[in-house]
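The sequence shown begins at 28 in this note's numbering and counts up by one.
The set of hints was computed from the structure by calculation and includes no laboratory data.
It cannot be assumed that every hint is accurate.
SDA-like mimics (lysine to any residue), calculated; alpha carbons at most 20 Å apart, straight line [said to hold, decoys possible]:
hint : residue 1 : residue 2
1    : K701      : D651
2    : K607      : G572
3    : K82       : Q235
4    : K523      : N366
5    : K234      : V45
6    : K604      : G700
7    : K523      : F511
8    : K206      : H223
9    : K701      : E645
10   : K701      : S495
11   : K82       : E116
12   : K234      : E191
13   : K234      : R40
14   : K604      : P637
15   : K114      : D80
16   : K690      : R673
17   : K318      : R288
18   : K82       : A95
19   : K690      : R767
20   : K523      : R767
21   : K690      : K604
22   : K701      : P780
23   : K318      : E170
24   : K82       : V45
25   : K604      : L630
26   : K607      : R583
27   : K446      : P780
28   : K206      : M101
Remember, predicted model here, so these are calculated numbers, not experimental data.
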Amino acid sequence: MRGALGGPRLLLRRLREVMAEPVSAQARLDRIVIHIAANMVAEVCSVYVARADGKLELYATEGLNREAVHLTTMTTGEGLVGLIAEKAEPLALADAQAHPAFSYRPETGEEIYQSFLGVPILRGGNTLGVLVVQNRARRTYSEEEVEALQTTAMLLAEMIASGELQSLAQPGQSFTLQKPMALAGVPLCDGVGLGHVVLHEPRVIVKQLVAEDPQAEMARLEQAIQVMREHIDQLIARGDRYGAGEHRDVLETVRMFANDRGWMRRLREALESGLTAEAAVERVQNDARAKLQRQTDPYLRERLHDLDDIANRLLRQLTGQGPAHGGALPPNSILVARNMGPAALLEYDRNNLRGLVLEDGGPTSHVAIIARALGLPAIGEVPNITDLVETGDSIIVDGGSGDVQLRPPPDVETAYGEKARLRARRQEQYHRLRDTPTVTRDGVEIGLHMNAGLLIDCEHAEEVGAKSIGLFRTELQFMVAQSFPRLSEQFNLYRKVLDAAEGRTVTFRTLDIGSDKVLPYMAKVEEENPALGWRAIRIGLDRPGLLRMQLRAMLRAGAGRDMRIMFPMIATTCEFKQAKAIVEREREFLRRHGYELPAALHLGAMVEVPSLLWQLDEICAAADFLSVGSNDLTQYLFAADRDNKRVSSRFDTLSPANLRALKAIVDAGGRNGKPVSLCGEMGGRPLEALALAAIGYRHLSMTPSAIGPVRAAFLAVDLEAARDFLMPMIDRPDDCRPIRQEFHIFAENNGVPL
């Protein structure tokens, strides 16, 4: 038998030749099983293909009854073939009929065969089918034979994944890789996108599977591994400057994989079966991924990312390919990625981009902020999405519900197409209202302002009828840059923003970095609780040179115009006064050097740290205006990390405690004659916006896409009636009755669109 198996490389070459022959798919598959049976000295060779309905269909056989082809099926987990598909592991038996999972199929005529060897046909860890050889005599298949059959299965995986066999399927049937799937994630940006998958960092395509020179392939593999290990060591050594932390732990895990002896042994075994170095890496990755995907232990499943990281590093080293992303896109592209930074998203051609789906990345991630700025339907935290898709797959993204429809059937595609058209009609209705003053039915005017962070955002102000840019996040310029922006670069951006606003007021927020907003060119400070750590104004006051440069750029950009600047995460009135003193110092510097100053300068404080709730009169006396950052204020008020899925939805923004705190802020502004606005996500949701107006807020800043729905809600409401309904619920003892539910019913009963 060893002599017969001395030519697995010869078999692979022969199968390659067969796959290139100009014959039908069925004829090609029939020839393949004949060659495999001959090489394996087996009396039977059969190929079962996994269908989208979960069944495994016999597609070709040498040795069994040919009439059983396309007739014999079994479900995943049924019989020996179904067991292999379920476990994604090889199965070798000397007496197959004695196995408890054996399932007799009389139409195949296989009762005369005793020994059995089956391997899964894997691609990306997904089982596409099962390859089986059988013999009449009872015999034990060697590890060498198992390895040879697994290698051969790689070629069949390529054939199945190409879609060539689809022509042989029964009407209405499709394969596993083509089956429709409904996935769920976390909404990042509202909207519906229909299109086709483009992988942000696509898998390296291994084109050459068969090795011409095994020794040369071994040398290539060992050299690539050595280079990869050295690169990882350098990354870890470079990271020592930043101390211990999660980034170090991740790299250490990757290094552990790169030095694992078992992994190296499996790579060498794959090479010995006749594969190239690249194909060997893909084979081992497929096998390991298939096992890890079926683990229920979250820790073991999490190792999938580490496995992919090390395998992709090695494949790119072997092929000389770098990460392929950015630039032009085909029409109607839906970008799919494990994760990505904001700069990477901005590298893509926006004209053809219709949506974004991420395995990682929550609503407050940097890339989510950019997606909202671009008005791009986006969903995050979709488990294993990159393993389930192929480039070109049809896909639908519903950014409102967080649903992803992968390879949707025609009726689902039609339904979502209608939803997209309905949304477009609704947006057109909002567009027609853009010049309509936002005045409630009882005559109260509400100012609707826009949040922005990129120059491109400012184009939306006119489009949606925003009264002003109520929040310009200056940190986004820093986050997408490759190095710290110079004074001239900051000045140019701020001036262009003011020009693009076309006379609308712009409220610039000084740099809000730290916590989850880490600049790529700055050392990350490891903290036990970064959300409560060194961030925002705390960095600015501790590094005054950084804050002074930004303020100087803003003041120069505002020459001759009204200028509004606010400081984030103010915890004490003293902090605000320190920041205000730095502004005065910079204004005096510019005056001495002959620069034109802003015609008017207004300095504000963001109220997002609960300690300010007990200093409201003092901060009102020091500041020209207040702006409530409801995202952070709510998470700090309830000690509920908004990025922690276990607690982020535990407390409601319309709870009595939150509404009382927000009312205290706007009441303090009224007492002291200081304007108060709110620029968190709460103001961009119609029901919450009505509640805010009912307790006294007259200025709300939100994402551009939220302005239309919020304006429509205000135009339909009698604000005095809303106030009369809401205030008793805020003042009553917290009896656990949800205010949201009762207020929602009130709004619907009064014809308010939500």
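Do the hints match the structure? See the list:
With a C-alpha separation of about 6 Å, the suggested pairing of K701 with D651 holds against the 20 Å cut-off. As the CA atoms of K607 and G572 are separated by approximately 14 Å, the hinted pair is consistent with the 20 Å bound. Note on K82 and Q235: the hinted pairing is violated, with a Cα-Cα distance of about 31 Å set against a maximum of 20 Å. Only pairs whose Cα atoms come within 20 Å are accepted, and K523 paired with N366 is rejected, the gap being roughly 31 Å.
At most 20 Å may separate the alpha-carbon atoms for a hinted pair to count; K234 and V45 meet this at roughly 16 Å. Taken as a hint, the K604 and G700 pair is honoured in the structure, with Cα atoms around 19 Å apart against an allowance of 20 Å. At most 20 Å may separate the alpha-carbon atoms for a hinted pair to count; K523 and F511 meet this at roughly 19 Å. At most 20 Å may separate the alpha-carbon atoms for a hinted pair to count; K206 and H223 meet this at roughly 15 Å.
Proximity of K701 to E645 is assessed by CA-CA distance (about 12 Å); at most 20 Å being required, the pair is judged to hold. For the hint linking K701 to S495, the alpha-carbon distance of about 18 Å falls within 20 Å, and the restraint holds. At most 20 Å may separate the alpha-carbon atoms for a hinted pair to count; K82 and E116 meet this at roughly 18 Å. For the hint pairing K234 with E191, the CA-to-CA distance comes to about 17 Å; that is within 20 Å, so the pair holds.
Annotation: proposed proximity of K234 to R40 holds, straight-line Cα distance about 13 Å (limit 20 Å). Proposed proximity of K604 and P637 is supported: the alpha carbons are some 18 Å apart, at most 20 Å. Of the supplied pair hints, the one linking K114 and D80 holds, its CA atoms being roughly 18 Å apart against a limit of 20 Å. With a C-alpha separation of about 28 Å, the suggested pair K690 and R673 falls outside the 20 Å cut-off, and the hint is violated.
A threshold of 20 Å between alpha carbons decides the hint, and for K318 with R288 the separation of about 18 Å falls inside it, so the pair holds. For the suggested pair K82 and A95, the alpha carbons sit about 15 Å apart, so the restraint of at most 20 Å is met. Using a Cα cut-off of 20 Å, the hinted pair K690 and R767 holds, with the two alpha carbons roughly 17 Å apart. Restraint check for K523 and R767: not satisfied, since their Cα atoms lie roughly 41 Å apart, outside the 20 Å limit.
Note on K690 and K604: the hinted pairing is violated, with a Cα-Cα distance of about 24 Å set against a maximum of 20 Å. Restraint check for K701 and P780: not satisfied, since their Cα atoms lie roughly 31 Å apart, outside the 20 Å limit. For the given pair, K318 sits about 19 Å from E170 by alpha-carbon distance, which is consistent with the 20 Å threshold. With a C-alpha separation of about 27 Å, the suggested pair K82 and V45 falls outside the 20 Å cut-off, and the hint is violated.
A hinted pair counts as satisfied when its Cα atoms are at most 20 Å apart, and K604 with L630 qualifies at roughly 10 Å. A threshold of 20 Å between alpha carbons decides the hint, and for K607 with R583 the separation of about 17 Å falls inside it, so the pair holds. For the given pair, K446 sits about 17 Å from P780 by alpha-carbon distance, which is consistent with the 20 Å threshold. Straight-line distance between C-alpha atoms of K206 and M101 comes to about 17 Å, which keeps the hinted pair within the 20 Å bound.
Hints 3, 4, 16, 20, 21, 22, 24 from the list above are not met by this structure, while the remaining hints are.
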